[in-house]
Amino acid sequence: KAGVTQTPRYLIKTRGQQVTLSCSPISGHRSVSWYQQTPGQGLQFLFEYFSETQRNKGNFPGRFSGRQFSNSRSEMNVSTLELGDSALYLCASSLNDRVGEKLFFGSGTQLSVL
Amino acid sequence: SQQGEEDPQALSIQEGENATMNCSYKTSINNLQWYRQNSGRGLVHLILIRSNEREKHSGRLRVTLDTSKKSSSLLITASRAADTASYFCATDTGTYKYIFGTGTRLKVLA
Numbered sequence: 069k070a071g072v073t074q075t076p077r078y079l080i081k082t083r084g085q086q087v088t089l090s091c092s093p094i095s096g097h098r099s100v101s102w103y104q105q106t107p108g109q110g111l112q113f114l115f116e117y118f119s120e121t122q123r124n125k126g127n128f129p130g131r132f133s134g135r136q137f138s139n140s141r142s143e144m145n146v147s148t149l150e151l152g153d154s155a156l157y158l159c160a161s162s163l164n165d166r167v168g169e170k171l172f173f174g175s176g177t178q179l180s181v182l
Numbered sequence: 002s003q004q005g006e007e008d009p010q011a012l013s014i015q016e017g018e019n020a021t022m023n024c025s026y027k028t029s030i031n032n033l034q035w036y037r038q039n040s041g042r043g044l045v046h047l048i049l050i051r052s053n054e055r056e057k058h059s060g061r062l063r064v065t066l067d068t069s070k071k072s073s074s075l076l077i078t079a080s081r082a083a084d085t086a087s088y089f090c091a092t093d094t095g096t097y098k099y100i101f102g103t104g105t106r107l108k109v110l111a
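One line per chain: the protein sequences are A and B, in this order.
Following my numbering from start to finish, the first sequence increments by one per residue and tops out at 182.
Following my numbering from start to finish, the second sequence increments by one per residue and tops out at 111.
Keep in mind the hints are simulated off the structure, nothing from the lab.
Idealized CB from N, CA, C, for every residue including glycine.
Each hint can be trusted.
Computed spacing ranges between beta-carbons, pair by pair:
#	chain 1	residue 1	chain 2	residue 2	range
1	A	R123	B	D67	24 to 32 Å
2	B	A11	A	E150	25 to 33 Å
3	A	F128	B	P9	27 to 35 Å
4	A	R123	B	S25	23 to 31 Å
Looking from chain B toward chain A, a few residues come up when the C-beta cut is under 8 Å (computed):
#	residue
5	Q34
6	G41
7	R42
8	Y99
9	F101
10	G104
Taking the hints into account, I'd like the entire structure generated from these sequences.
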């Protein structure tokens with residue numbers, strides 16, 4: 069079974085631009101969640117989707133948005149990029165027909181904002 | 002901040018020694034999980050302990066949970082160079098959102 073796939077692996081953008089990151093969960097997994105990881109703040113929860121519905125959202129500005137498609141693939145978008153958005157963005161999937169499932173992580177997208 | 006705290010932030014030991022890392026959290030939980038992250042990569046799930054459990058074992062891993070103190074510890078016995086990684090605890094509060102600790106960087110010297 070293929071793991072969680074995130075694309076692209078690396079991305080360099082400039083301030084003010086927007087970016088879209090993609091995540092394909094493990095086949096059969098219906099929950100996808102996104103985390104931002106930085107050296108200073110650690111892993112911060114962005115949002116979680118299940119069957120195309122956002123079930124929870126972290127404390128990030130509205131510039132951060134996401135969506136999930138009917139095949140469970142998910143995208144997150146960051147508009148009007150700021151230097152502080154430079155981070156490793158991690159996607160995780162789980163079966164999650166109930167709470168408390170373990171998460172399977174992708175390798176992440178390393179975003180650098182110049 | 003809701004984020005959990007891990008202690009120590011960094012740990013360096015010799016191969017064959019045991020490594021212990023601790024996690025404290027702030028809210029009531031359904032379960033607590035430990036993950037490992039190799040440099041700049043995704044996290045890998047190690048072990049899950051439910052709120053009504055006090056101790057759990059998996060291979061060379063031993064996890065304890067004290068809900069009265071809101072704390073957990075992860076013990077890795079007979080460490081190997083391949084155990085070098087960052088270790089994170091994650092708490093599940095039943096809201097489809099996991100709160101991760103700040104992480105412990107473990108270095109095992111051969």
